[in-house]
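> Using the sequences and the hints, build the whole thing.
These protein sequences, in sequence, are chains W and U. In this text, residue positions in the first sequence follow the numbering used here: the first is 24, and each later residue adds one. In this text, residue positions in the second sequence follow the numbering used here: the first is 40, and each later residue adds one.
Accuracy of the hints is not assured; some may be wrong.
To be verified - Label-pair ranges, simulated between beta-carbon atoms: (1) W/Gly24 with U/Asn116: 33 to 43 Å; (2) W/Gln26 with U/His49: 16 to 26 Å; (3) W/Gly75 with U/Gln80: 36 to 46 Å.
Stated by the list, open to error - So these bits of chain U aren't anywhere near chain W, every CB distance computed over 10 Å: (4) Ile51; (5) Arg54; (6) Ser66; (7) Asp69; (8) Ser72; (9) Arg94; (10) Gln95; (11) Gly97; (12) Asp101; (13) Leu121; (14) Leu127; (15) Leu141; (16) His142; (17) Thr150.
Said to hold, decoys possible - If you want a taste of the chain U side facing chain W, the calculated C-beta under 7 Å gives, among others: (18) Thr48; (19) Pro82; (20) Phe84; (21) Gln87; (22) Pro140.
Hints were generated in silico from the structure; no laboratory data involved. For every residue, glycine included, the Cβ atom is placed at its ideal position computed from N, Cα and C.
The residues making up each chain are set out below.
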Amino acid sequence: GIQVEQSPPDLILQEGANSTLRCNFSDSVNNLQWFHQNPWGQLINLFYIPSGTKQNGRLSATTVATERYSLLYISSSQTTDSGVYFCAVAGGSGGSNYKLTFGKGTLLTVNP
Amino acid sequence: DAGVTQSPTHLIKTRGQQVTLRCSPKSGHDTVSWYQQALGQGPQFIFQYYEEEERQRGNFPDRFSGHQFPNYSSELNVNALLLGDSALYLCASSRTVSFSPLHFGNGTRLTVT
Numbered sequence: 024g025i026q027v028e029q030s031p032p033d034l035i036l037q038e039g040a041n042s043t044l045r046c047n048f049s050d051s052v053n054n055l056q057w058f059h060q061n062p063w064g065q066l067i068n069l070f071y072i073p074s075g076t077k078q079n080g081r082l083s084a085t086t087v088a089t090e091r092y093s094l095l096y097i098s099s100s101q102t103t104d105s106g107v108y109f110c111a112v113a114g115g116s117g118g119s120n121y122k123l124t125f126g127k128g129t130l131l132t133v134n135p
Numbered sequence: 040d041a042g043v044t045q046s047p048t049h050l051i052k053t054r055g056q057q058v059t060l061r062c063s064p065k066s067g068h069d070t071v072s073w074y075q076q077a078l079g080q081g082p083q084f085i086f087q088y089y090e091e092e093e094r095q096r097g098n099f100p101d102r103f104s105g106h107q108f109p110n111y112s113s114e115l116n117v118n119a120l121l122l123g124d125s126a127l128y129l130c131a132s133s134r135t136v137s138f139s140p141l142h143f144g145n146g147t148r149l150t151v152t
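Next comes the structure, spelled out in structure tokens:
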């Protein structure tokens with residue numbers, strides 16, 4: 024099945040700093056989503072972005088499908104940005120469009 | 040607009056018992072997926088239901104079964120519980136007409152003793 028690698032595994036920032044999270048995947052995809060899991064376990068959908076670039080406030084994401092990677096940018100980070108960021112993909116040669124495969128996540132800690 | 044709701048929030052069971060978890064999808068959504076998240080890991084796909092049928096299944100044994108009702112709500116059943124089944128169980132809903140974003144519930148924390 025399709026493999027998803029996220030980097031870095033851990034990231035510690037001071038409030039106000041910017042960061043870039045990366046997601047590499049092993050095959051072509053037709054579905055790619057970024058999620059934020061807060062310290063209480065709630066998973067929030069940030070972006071549905073199988074290709075191209077999207078922005079939502081301080082967050083933006085870019086997926087370069089031909090090169091099999093996606094980037095999540097967080098600008099002017101706040102303590103509420105802390106948590107785990109997951110990339111999840113579906114597709115691949117002979118793969119399913121319905122089954123999202125998640126990476127192991129990036130644990131982001133933003134200190135005041 | 041109510042989001043995805045799951046019940047119960049927490050559950051403690053003994054090895055060998057059976058458990059049923061419930062999920063109501065977000066309004067307007069017709070597809071329900073279930074995921075298992077072990078501590079420190081990303082969610083793993085269990086199965087997806089659409090039109091009251093299992094459409095896709097992940098690498099989980101037959102002890103894991105599900106159901107979708109005409110109102111799109113869903114149940115996850117796990118039989119013969121093992122200690123390793125202890126995890127956060129997440130329900131996600133979406134619309135099937137296009138590749139729409141997944142919306143997750145807050146999950147059910149299952150502890151098997």
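> Each hint should be assessed against the structure and marked as holding or not.
How the hints compare with the structure:
no.: 1; hint: W/Gly24 with U/Asn116: 33 to 43 Å; verdict: violated, 25 Å
no.: 2; hint: W/Gln26 with U/His49: 16 to 26 Å; verdict: violated, 33 Å
no.: 3; hint: W/Gly75 with U/Gln80: 36 to 46 Å; verdict: violated, 29 Å
no.: 4; hint: Ile51; verdict: holds, 17 Å
no.: 5; hint: Arg54; verdict: holds, 24 Å
no.: 6; hint: Ser66; verdict: holds, 16 Å
no.: 7; hint: Asp69; verdict: holds, 13 Å
no.: 8; hint: Ser72; verdict: violated, 7 Å
no.: 9; hint: Arg94; verdict: violated, 6 Å
no.: 10; hint: Gln95; verdict: violated, 4 Å
no.: 11; hint: Gly97; verdict: violated, 6 Å
no.: 12; hint: Asp101; verdict: holds, 18 Å
no.: 13; hint: Leu121; verdict: holds, 22 Å
no.: 14; hint: Leu127; verdict: violated, 6 Å
no.: 15; hint: Leu141; verdict: violated, 6 Å
no.: 16; hint: His142; verdict: violated, 6 Å
no.: 17; hint: Thr150; verdict: holds, 14 Å
no.: 18; hint: Thr48; verdict: violated, 10 Å
no.: 19; hint: Pro82; verdict: holds, 5 Å
no.: 20; hint: Phe84; verdict: holds, 5 Å
no.: 21; hint: Gln87; verdict: holds, 5 Å
no.: 22; hint: Pro140; verdict: holds, 4 Å
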